[in-house]
Amino acid sequence: MTVKIVNLKVNGVDKALMAEPGTTLLLALREHLGLMGAKRGCAQGACGSCTVLLDGNPVVSCLVPVATVDGAEVGTVEGLADGQKLSDVQQAFVDGFATQCGFCTPGMIMSAEALLDRNPDPTDDEIGEAISGNVCRCTGYEPIVSAIRDAAAARRRTSGGATATTGASANTTAGQEAQV
Amino acid sequence: MLTEVHVPDDMATVLGLMASGAKVVAGGTSLMPWLNDHASPATELVSLRRAGLGTVQVSGTTARLGAAATLARVEHDPALGFLDPVARSIASVPVRNLATVGGNLFAPRPHGDLAVALIALGARVTVAGQTGTRELPVEEFLAAGAPAGLVTDVAFDIPAPGAFRYLKAARRRFNSASLVTVAATVTETAGAVTRIVVALGGVGPRPLRAGAVEAALLGGPLNAETVRAAAEAGLGEIAPADDAYASAWYRARVFPVHLRRALLGH
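Here the protein sequences line up with chains A and B, keeping their order.
Heads up: the first sequence at position 61 corresponds to 61 in this note's numbering, and the numbers run straight through without jumps.
Heads up: the second sequence at position 62 corresponds to 62 in this note's numbering, and the numbers run straight through without jumps.
Just so you know, the hints here were simulated from the structure itself, not pulled from any lab data.
Any given hint might turn out to be false.
Heads up, simulated DMTMM-like pairs for lysine to aspartate or glutamate below, C-alpha to C-alpha not over 25 Å straight-line [stated by the list, open to error]:
| no. | chain 1 | residue 1 | chain 2 | residue 2 |
| --- | --- | --- | --- | --- |
| 1 | A | LYS85 | A | ASP125 |
| 2 | A | LYS4 | B | GLU225 |
| 3 | B | LYS23 | A | GLU20 |
| 4 | A | LYS15 | B | GLU4 |
| 5 | B | LYS23 | B | ASP37 |
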């Protein structure tokens, strides 16, 4: 069995680790680099709780042998806040009570960040598609969809884009559960 | 347990490692769940991530998708817009950023929706071995049980606007396995079907070409009556199974409805 040195740029910082062949990206983040945000849920790629950004794209890190992504850039929930200031998505999750037990939250947030990077003004349908790989067993999704919608509005305000509607969650899809 | 993960940057090394028993991993969305859950015997992996198979080339009317191109890569390629609904019907965003074109050919039932589309497009798959490469239709490759070798790419002609039809019926709108998947390319001239290829997923042991459906529709008009008759013929060539998503009975029961919706749009 060959242990390999794997180099990653994690949240903008160069890291190196000694990886056994069976080490997944998730395991590398949690057990080698001490980043406990991404969670091991199903280990099947089905629950999304291990979602991180790999070269900017959300992936289920439990299915990635870390040796195959040597040199990659990885983004995790730990890299979002600027000191004590949470990212727009994180803040919207807090403000909108979009977490309950919190297990799915880091994966949800990384999927949402990736969506908003690509699409600053997503519809509820697009939000539903973006988080369709992230399972939440507590909240029922509506607060999560609302939080992502609110985060998108906050981002647009910050970037000086289209006029945002505050409290957008009150005027769309009330009572409907996102189809995820 | 995994004893080694090779990440070669050339195909010759991939083929050599395969010959010595290494298992190929591309996106890992099928193999890694199994490895994560089972005590496997000593296993070596050879990754395709750096082997130069991840490109998508569209040249004129021909598209060539590398075996290690991700489904997300296909989804976001502006020249492959007609495949956008196909890619987006498969799994979820973080899985599509890993799952590959070549891997989809090996997805067990009821999965493999891209393979269904590829059959309908008349796609040909290139398979490399240590003695050379060969090209064969995707439907033959699947019917032969994915013969030995390394899938390096699939190629097809881009269909005329509106000729390609696709519908996947599932329990949920996003991220759910197929109950019935229908893909087709249809050419109509003067109110008659002059060329048609129909492929089905979710209703057989693998993605199927529906020859009886095609034969029933060829030469006539495409309408509710002819499609109903074609579905009746198609019931003889599907072999749906029970699984967690639906019963075989249900799949057969709704197959005619989804064939009609795919071909007629209503």
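Inset, instruction - May I ask which of the numbered hints given earlier this structure violates, with the numbers listed in increasing order? - result: 1 and 2
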